[in-house]
Structure formats: structure tokens, C-alpha cells
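Residue numbers (our numbering), protein chains in the order written: chain E, 32 to 333; chain A, 192 to 318; chain G, 1408 to 1894.
These are calculated hints, taken from the structure and not from any lab test. Do not take every clue at face value.
[Said to hold, decoys possible] Each computed DMTMM-like pair below joins lysine to aspartate or glutamate, with the alpha-carbon atoms no more than 20 Å apart: (1) 276(E) - 293(E); (2) 1670(G) - 1649(G); (3) 167(E) - 181(E); (4) 276(E) - 300(A); (5) 254(E) - 330(E); (6) 1670(G) - 330(E); (7) 116(E) - 1754(G); (8) 1759(G) - 119(E); (9) 1760(G) - 119(E); (10) 116(E) - 1757(G); (11) 176(E) - 1596(G); (12) 1759(G) - 120(E); (13) 254(E) - 61(E); (14) 254(E) - 325(E); (15) 266(A) - 225(E).
So the chains spell out like this:
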Amino acid sequence: MNAVFNAVHMETTHEPVSPLVAQGLAHCYEGSNALNGVDLTIAPGSVLGLIGRNGAGKSTLIRAMLGLLQPISGTAFVFGEPALKLSDDTKSRIAYVPQQPDALAWLTAQQMLDFVGRFYPRWDSAFAKSTLERWKIQPNRLLAKLSPGERQRVDLIRALASQPELLVLDEPAAALDPVARRELLRELALRAGEAGTTVLFSTHIVSDLERVASEVAFLHEGKILLRCGVDDTKERYARLWLPAKISAAAPSQSLSRRRNEDGSLSLIVARDANGQWPEASTLPGARIDALGLEDLFVEIAE
Amino acid sequence: MDASLLTIQPNAPEPIYRQIVDQLRRLIASGQLLAGEVLPSVRDVAGFHAINPMTVSRAYGMAEAEGLLERLRGKGMAVAATRKAVQSESQRMALLEPQLQALARHANELELPADAVLRRLAKLLGD
Amino acid sequence: MNAATLVMVPLRATVSSTRWITMLVLSLMLVISVALQLTQTLPKTALIGAVIAGYGEFFVGLLFVAPFLLMAIDTRQLRIPRSQSTIVLGMMLYSALWIAVPSIALALAGADFVTVLTIQTVGLLFGLTFGLLPRVFLIVAGFSPSFLGLVHIQLHYPGKPTVLLLWLVASVLALISALCWRRQVRSIDPYGEGFNKPLVLRSRTGNRTGFMNWNDWTTMSGNSRQIRSQPQWMLAIANLRDTGPQNPVRSLRVGLGGWMLPKTWQSASRQWMLVLAPIILMMGLVYLRAPGITPALFHAIAFSAVVWIAGFGSMVLSLTTIVLLQQRWSRTNAELPFLALLPRLSDRREVKKYLLRASLLPTLFWQALLIALLVATLFVKQASALDLAIAALAEIVAVAFTPAFAFAIFGGRPPAQWVTGLVAGVSFALVGCGTAASSILDISRTYGAIMAVSIIAIWFALLAFLIGLGLRGWRGLQARPHPFLAN
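If we strip away everything but chain E, and leave its shape as in the complex, we get:
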């Protein structure tokens, strides 16, 4: 984690302003809390994956961070500017693809890209044209007549062709088939690695996140429960299983605790400062299981 962070920092010292910052964002819809005071800073060049259950507030957080909704309290900054009052310069540096994009359904794919391209100073029309071809989208069909997956791809092309420095994607892979999903991930990974594009994306598909994300944030009930480097998370957390007879020895510090039917105990524990698992893991019968992000996520979010 440290190595990654340093590498990022060295590469981008000329741009010290964080692309996205959230400070104490809180919001609610009709009485139910969507966000409960979220603080989040994204380092330049990093790829942050946002995961959480349905209704955890992922879309709300993303929209609040981009100034697309007025939060009840807290502020968000995009490249140092208040998100609700972005300048043209900042707007031309960011691109956002909402969940199930449905904008400008009355234009054809070609028309939409032409129209949007007129507003962006660094618009890559060659990329737009070739990607449209490569992704087999008929340029002269109305967007309304495309399938959800095709719609998503057109909007991704729109976002990528503007050559943004910050790319924000809300569930980008939801409507894509495995091949298209892999292509998108490749594009994201390479852009982050080479152009230094900062990426924030939310997803349910944890394996996507494990491929391309450098960091992961768990959003649970309107709060960031955990925020960590992807590799670090896998190495730092594990499931400790204690049989019933020694479950009293369970460490007090744990991310989640579940009592199984047979009286045994499952805990999500972290390594201490010296990289050691809690004491209880050395007891006879105790077991430490390394976890993938998905298992970790399920254990915590349950």
C-alpha cells in the first residue's frame, strides 16, 4: 500500500490538488439517511473502487461529490473547487457516467458524440470513431433504440473521448457482457497507469474491483466502513474461527462477529502493528482463513 501511494505521489507531484474530496457529506431522502457524514479523499492517479450493498448510498455519494445534488451538510471539492460551483476548466477535466445512462435519447450515437465533442478542448474524435466501430455500435441509430449495454458503451466512449483527468463511473459494468466488461477494465487500467487518470467507480462485481482498483472503500449504511489498498486489505484482514469451547477467548477488536449455530464464533480480524494475528488465533482448534474481497465484504456487510 505504502509503495503504491509513494509511487503515485512521485509521479504526480506537479499536481498536488486532490481530484475529489468529500468532507462530512450527509444527505437523506424522505427521512431515511442516505449518507451519514462521509469523508473521502482520492489521491491523483489512484483507482478507487466503491462497493456497498444496494441502497448503501453509493450513487448518492458519487452525485454529491460531483455537485449533482445539494447535500444537507458537508462539502465536496473537485480539483480544489466547490463541487456545486465548478468552473469550465474543471468541468473539462472530469467525466461522469451515471448508472444506466439515458441522456439525449433523441440523438444518434454519432450525433451525440459530435455534439458533446464541441464542448471539450481535448476531445479525441478519432478515439470516439474507432471505439464506436470496435464496440460494434451502429453510429446512425437513435440512442433510444440501442440496448442498455450499448447505451452504456456509448456513454463510456463519450466519457473516455474527452480525455478526462478524473473519471467517475457509477456501476459501469452492470449492463455489459463479460467481453465488453473486460475491455472497459483494460481501458481504465491503462489510462490510470499511463495517463495518470484518477478513477472512481462503484460496482457490485468485486472481481472487477480487484483487477483494476488500487484502493477500495466499503460504503455501508451511509458510512465508509473501511478504506484500504486492495492488496493491503487482502493481506491485513482474515476470518478467525473459534470453536465453541474457546470462543470466550475472542479478541475484543473485530470488524464483524458472528455466532454460528454450533456455538462457534466467526470474526473478521486485522493484523496488529507487528503484522501478527490476534492471540486467540494461536489457540488449539482456532483457524485463520485468508479472504478474498468478496468474502470480506459479505462478512462485514451482513
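Start from chain E and add chains A and G according to the hints.
Frame of chain E; chains A and G shown alone:
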């Protein structure tokens, strides 16, 4: 070497960079990668597997620090020339250590006698 | 299949609010018709009660019986065994019940049972057929009042031949319904949308009352599904010439879409044809019925007719725009984030001004034309002070609608859906009433004067509401950092 020689399992508990380093170790130890052989670029590996290039650089960096790889000017990463084609037995044995430990743990959990497990293992190795 | 399943069929096929509305409409009609039956003794009007109840049956057929099709489609798609016969039987059972209750009630009140039963059956079957027929027929049905005018309905007890004729009509309707039902249930894509699909399928999109509701109208304006349901030749072709950072208003119109979208002249003229064709057709019908009066028709057009055209036209324009804006400002995954993050659209303060221009000017332009027509008529025709007042009020309110709602929507303070629906409904009713009033009412009589005063009072109340709404919205818009925030 081709990027497809590596297998990446994103949802395994092992971080991806560790999966790469482990596979490089094994490929070199077994002689599938020879000294001086140039590795695919970070971009190629990242592009082929759709993974973050930073993860690949980190893996290459670790392998370099370990002495498995060396940086060639203008060519990128290559298997270290000082590396013997095939490593000593103890080094190769060390690569098997995690799997052996897991095997031992499972055998204990199943309360199997050690000699029975060893007999079976010997038979498997003999084939 | 047992009796309980059969009884439960409508409970599963319709939403509770639909059932309540149907009950309410029919009860209301029934109360009115029974009351009429008991009080009216003139032979000429004796049948009015039965016809009113029959009108209620029309809604039962449309709202309550036709939606059974949706369930039939679903159960067939889910391959639920024996479901089709249960649904059809349940439908017949409930239809018989819905027909029997009013018929018996009216017969008890003194009407002829067979005649009433016949009219109820025809009413219900009309509703059912209307719901099951492809939507193209809805357009044709728009002309039905003029066709009905051709058939002179005699409001006295029909003799045996007429009752027989009505039963013949009923059997034809039943046959058409059965054919439509069969076609839709067995269709390969029973859920698809289009003009060749039954009207009742639209209710799938409206989830509250189960049929066309206000909510439904706001979501259908210009979204992908609506565009998909239109035939290719009807679709607008955007004209992107002169759009871009140098022309923010035109670019915003591309972003708003709908009828504000800049179109190529070919597609614009095609869409104009679509509006003009029914008018030309109507005029043709009038000419065919009475060729002699056509030249005199223009001179004979009453002032109130022009008031009605101008008022109605302005209202329709305003409502179309409002519905469009309300829909755009309710979706978070479409035009709003796109417009909010589009660079170089214009300066932050300027953008509100440009947005108002882009959204209001097209509507106001056409409304100005209608007002010009009204003023031109004034020079030709004489009009009373009452007529003038009502005409002016109707125009002012209709024109005030768009800016008031636009401010409210952009400022994040839109009224509730039902308030919008109510205000629009009242306004439409008043446009109709106002013109009727000016031709029927005699202001010298107390009754007429009270009517005129209350119509004017309601117009003023509406105007006050709109001004309040607009001011509140204006303040909200000033307070908002940018106008592209979803409501």
C-alpha cells in the same frame, strides 16, 4: 515470455501482485523462464489481464528486489543473468512450503495418521 | 381451479386503486341514473338514466375488465397451468355481476329490464374492446364524437328491432375483443410497445392507478421507451448545425429535447403534417356533411370558438413544456448530470438565463401567435365585455403556466404531482366552460351572473396560485448554485 503465461485470479485471497511474483518464482525455478529472457512490459501484462499497471510494476519491483529479475536498459525487465537456470533443491523446496503447510493442517484436522498421508504422497510423487 | 381462485382473479389482475376508482365511477353513475329514473317521467328522457349507467359500464370495461389481459399474458409467460380458462371465466363472472347490479337497480326503479341490460352490456363491451384494441384505434376514436353526431340517438324506449340491433353490436364487440385477446396473449413479444399494441398495455407503465395517470404522462415524454414505441417516420431528426459553446441556447435545446429539439426542416414539416392532418380531415368531414355551408363557415365562426382555440392551444403548449421539464428534472441518470458537467456551456450565472430562454421562448412564441390570432379576430368581430374578460383571463393564465412552473422546477420547488394535475384539469375545464358560458349565459339573470363571477374568480385564484408558485421558484432558483439539480 508471453503475458498469457501468467494466470491471474482476482478473487483469490492472495493479492494479484503476490500471484505474479509467486508465478515468476516458479517459472524461473522450473526453468521455464531462462536467464536473460525479457519479460513482457508492464503495459502488456496489465492490458492482457485487464489489471492495474501499478500492480504489475509492484510485482516486478518485488521480483527485482528479490534478485529474480533485473532491469535491462532499453529492453525492460529480464530474468536475472546471475540466476542459475535451475535453483538449488532447498530453494525449490521453499516454493512448496505454503502448500505443504496447508496439507499438514488439513491432515491434522481430519485426524489422519502421518504415515498414511506420507504413503499416499509418495505414491503420487512416484507416478 | 376452484371457486375461490375464480373469485380471487380480479384481486390479482388489478391494483386496489383501480378497483376503488371503478367502484366509485360506477356507483356515482348509478346513483345519478337511479335518481333520474325516479324523478323523470317524460318518455323522451326516460332512457337517460340507462345511458348514464352504461357510460359507467364503459369505464368498468376499460379499467376493470380489460386489465385481465395483463394477467393472462403474465400467467401464460410463466406457464402457469389452467390459468387461461380461470381468467376468462373470472372475467365473464365479474362482467355479468357488474352488468347485473345496475340493471337490477334500475329495473327496481322502474325501467325496462331488458333494455337497460342491453345498454349496460354494450357499454361494458365497448370499454373492453377499447382497452384491447391496438392503440391506432384510439386516434380514430378521437373522431368518434363527430361520427356519433351522424347517428342520431333517439332518446326514447327503443322497440324490439333496436334492442336486437344493440345485441348484434354487442356480439360484434365481443368477437373483436376475443380476437384481440387471443392475438395479444399468443404474441411472441406480448410486452412490446407500439401503436399496434392494446391500449391496456400502457397501464403496465403506470403503477398507481393502474391506468393512464399524471405520473405516467410525465415519464413518457421523450424518454427512450416512448421514442422506441414510435414508428420510424414519426421520429424527429435533430439538426446540430450552429450548436456548440458559441450558441448556448440552441445547445440547451438539444439537451432538453422533446419538441424544443432543433430539427431538420424535413422532419419538422413531417411533424407539422401530423398536427395539421386531423384538422384537415375534420374540415373535410364537415364539408362532406354539408358542402353548402363551408364558404360561410369562416364568417360564422363565433368569437367564442376563436377564444377556445387560442385558450386551449396555449394550455396545451404550456402543459407539454411543463411535462417535459418536470420529466427532465426528475431523472438523475439522464440530461441533468450531462448538462451540469458540460464545460463551456456558458458562465455559471449566465446559464440560468440561457436555460430560461431555451425552455420558455419556443412556448411563448407560439402562444404569442395564438394571441395575435385572437386580437385579429377582435378587429373583425364584436365581443361583449364578459367575453373579452374571460378570453383575456384564459390567455393570461395559460401563458403564465410555463414560466411559473419552469421557475418552480428549476428552483427545486415543484408542486406535488396531484396539484399539477388538479390545476391543469381545472384550467382545461375553465377554458371549456368559459366559452360555453359566454354563449349560453345571460348575465342579466342572477343565475348567469353568479356563474360568470365564479368563473372569473376561479381564473383569478389560478393566477394567484401561479404567481405564488413562480415567485417561490424564482427565489429557489436564485439560491441554487446551478439549475441542473434533480428534484
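For which of the previously enumerated hints does the structure constitute a violation, in increasing order of number? Checked against the structure, the only hint that fails is number 6, while the rest are satisfied.
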